[in-house]
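Could you put together the complete structure from these sequences and hints?
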Amino acid sequence: MTALTHDRIGAHPPHEHAHGPTGLMRWVTTTNHKDIGTMYLIFSFIMFLSGGVMALTIRAELFKPGLQVVEPEFFNQLTTMHGLVMVFGAIMPAFVGFANWMIPLMIGASDMAFARMNNWSFWLLPPAAILLLGSFFVPGGATAAGWTLYAPLSVQMGMGMDLAIFAIHIMGVSSIMGAINIVVTILNMRAPGMNMMRMPLFCWTWLITAYLLIAVMPVLAGAVTMILTDRHFGTSFFNAAGGGDPVMYQHIFWFFGHPEVYIMILPAFGIVSQIIPTFSRKPLFGYASMVYATASIAILSFTVWAHHMFTTGMPAVGQLFFMYATMLIAVPTGVKVFNWVATMWRGSLSFETPMLWATGFIFVFTMGGFTGLICAIAPIDIQLQDTYYVVAHFHYVLVAGSLFALFAGAYYWLPKWTGHMPNEFIGKLHFWCSMVFFNITFFPMHFLGLAGMPRRIPDYALQFADFNAMASIGAFGFGLSQLIFLVAVVKCIRGGKQAAAQSWEGAEGLEWTVPSPAPHHTFEDAPVLART
Amino acid sequence: MGFASRIAGVLPLFGYVSGVFAQDVPSRYNLQQPVTRIATEIYSMHTLMLIICLVIFIAVFGVMFWSVIHHRKSRGAVAANFHENTAVEIAWTVVPVLILLGMAWPATKTVIAMKDTSNPDITIKATGYQWKWGYDYLQGEGEGIRFLSGLSTPRAQIKGAEQKGDAYLLEVDNPLVVPVGKKIRVLVTAADVIHSWWMPAFGVKQDGIPGFIRDTWFAADKEGVYRGNCAELCGKDHGFMPIEVHVVSAEKYAEWVKSKQAQTSSAAADDGREWALAELVDRGEKVFAANCAACHQADGKGLPPAFPPLDGSPVVNGDKAAQIQVVLKGRSGTAMAAFGEQLPDADIAAVITYTRNAWGNKTGEAVQPAEIVAGR
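Chains A and F, in that order, give the protein sequences. Under the numbering used here, the first residue of the first sequence carries the number 1, and numbering increases by one thereafter. Under the numbering used here, the first residue of the second sequence carries the number 1001, and numbering increases by one thereafter.
Calculated from the structure, these hints are not laboratory results. Quick caveat, the model's predicted, so the values are computed rather than measured. You can trust all of the hints, since none of them are fake.
Each computed EDC-like pair below joins lysine to aspartate or glutamate, with the alpha-carbon atoms no more than 16 Å apart:
(1) F/Lys-1073 with A/Glu-505
(2) A/Lys-64 with F/Glu-1162
(3) F/Lys-1329 with F/Glu-1371
(4) F/Lys-1159 with A/Glu-71
(5) F/Lys-1125 with F/Asp-1136
Quick list of simulated restraints, FRET-style, between CB atoms:
(6) F/Ser-1266 with A/Asn-439: 49 to 59 Å
(7) F/Lys-1252 with A/Phe-321: 40 to 50 Å
(8) A/Leu-187 with F/Val-1094: 30 to 40 Å
(9) F/Ser-1332 with A/Pro-517: 54 to 64 Å
(10) A/Phe-321 with F/Ala-1370: 49 to 59 Å
(11) F/Leu-1048 with A/Gly-495: 53 to 63 Å
(12) F/Val-1095 with A/Met-196: 24 to 34 Å
(13) A/Glu-505 with F/Val-1094: 35 to 45 Å
(14) F/Asn-1081 with A/Ile-299: 29 to 39 Å
Some residues of chain A that are not near chain F, with every Cβ distance over 10 Å (derived):
(15) Leu-49
(16) Ser-50
(17) Ala-221
(18) Thr-229
(19) Val-436
(20) Gln-482
(21) Pro-527
Ideal Cβ positions, reconstructed from N, Cα and C, are used throughout, including at glycine.
Put into structure tokens, the structure is as follows:
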């Protein structure tokens, strides 16, 4: 690799490298990790807004009892598509965008290992998104079987279901290629002297996430393919009348689904673990234990899937095994939170926008962790399964967890991407609006779930009216607050205070040794790390 | 309810820290008031968990916010340089494990108790249909009783044309009735897609899985009316298939059993006799409203393409025998259920007759219960 790079440098003056196609073709044909990272981030933000519009339609219907805005069938399409779009279209591609941009910069590599495959794994996503969103417009509309696509309900659906299945296949292929690329890049392309245990934690969490992706995306592809053949080719995988079992679908789906949860949170842990030390001006506490905790969470995630299925009626021994295994995940997760707090302890803290988001993340994500522990207790879960308590729980970990960490990371690395410091006032406004409205939206859902409101219903009994009205108001506030982010990013691209190479005072790592904005090609000569 | 008064209704929440443990019905902040041993155990286990989590939360974030306030650069804080401490790290791994063990112990006992469905006084099978429940009393007092139980809230209330009642969306036409204090074993299954039989006050939630039977149990300690919902997404009207259980004294239960059995024998007589066309259409209209209108709509226009129209349909206007087969056996891969399992012969005969003589359909034919028996 290094030899190749040197040849190219020998042949041309450094500045001529950027000369490729311009305009649209630059983006279609690019193999540059920064361009591809940018495209991933833009794509995921568009999907985030689409999924957000669906969420707000749901909340508008639920604002008061009775049916006002949408009919039940369309309501179910919205809840289903909101889930699929946010998980596969927004959160996952956003993290891949971060990986593309930052991993080569953090490990001192010139690009991703398989640059052309990188282009392909991005360009698979827009067709998948068109299939998914386009399914609203086919006869019968989009799939309304819930994002989990449980059989046999998913077998009943119209052709929107088939489009969703193909979209999932394509996004799965894209994820697997992206994951292979990340694994190979991290294992083979680190700068001399950067051994594994000197790698930034973001790279570690992504390495482990990539293995999870490679392990479970094919499982999902298998599950939805079985639905497809049950629907059209006369098989009976999930049909008892033909010797199949509907519950088998759930086992297969959640064998994918639970690791998937960690796919969406481990890179978030990585981002936060970069930001907290920077603004504490103090090294990360317990680096090694962070790595081990991440790995144990990943391994345990394969042994807990049936905690999503406590109400299917498995034997007591099964319930107990999955309950204990799930509770065990609280230990490494706790270690992480303790490590972050210990990093802040006796640091020299300052709260620029990224730090604000990261601190907010720890605070609110931990609440989602606690409700997760409560849900892990099988008898309590039997009361809470499929209620708004679960909706509250997973939005605390996915919105306050993954999404807040994504915002933290975006504000943190925007100077490196654009060359300008993000506007502190706008960033902080975005944070405080999001934080307040997030809690107005989702905190009351705990009460709704405890009191007995099932999820995925377009209308509800009267005792749930007040909290639903509150949640709907919060949701609209939260949705509108996200436009502030758009303003912050656009402003940052167009101008602002020039960013130094080391854009934040306490920031350490190779990405802060290249100029801001990062030039089109970086680390054509591998940097050499000082021995410790 | 006005918008302002509903917002005002939310505000007292913040003064209601003790409201988390409030005992009033219906519950708004906490699990519903339990009336079985299992539900009581779950209720107190949840309270205990909440307290433990709250203590840990305050401890951890007490430390964090201490840092946030005191260890600020703007206050002249200078960063220390420690970045590991083996003793502390072992402690915060081991202590949580011990806390978890303490949580797992009561949970394990409850899991085992929940699974003990042996020696029931009464066994009832609950079958989930899109979108209602069917109950069969299989064993014990009341054996042989079977009926369907569907939402009784009028459509006008849902659409906002009428004032919503107190039990809006939580009321059914035929509630499940059980005697107080007796151990009731519930066999849960489903006919089409997965449903879930959930009664929060009993601490019971069991998925009904088509083609499989799973069991659960409860013994309610207090007479009363208890309400729950289907808890697993089951299609269009998932939000409209409540569960209502009346727990009554032994004497009242015996009376109820008697009246139900009398109804059953009159239903058997209905199945045996010949009917006039007008009689069938009249009865069929009611059966249609209760079982068919959710999909095919009261005007027979359906909601195509998922739910086809019956008005002008070639099946409804064609051969009787073919339509009888569709109604009895359903259409696999669609939401069309096999009503042969759910409804008595007279009802099926009536509803088919109705559809063949309603809206623009004018076959003038009557379908007799005997033809349904032949079609089974």
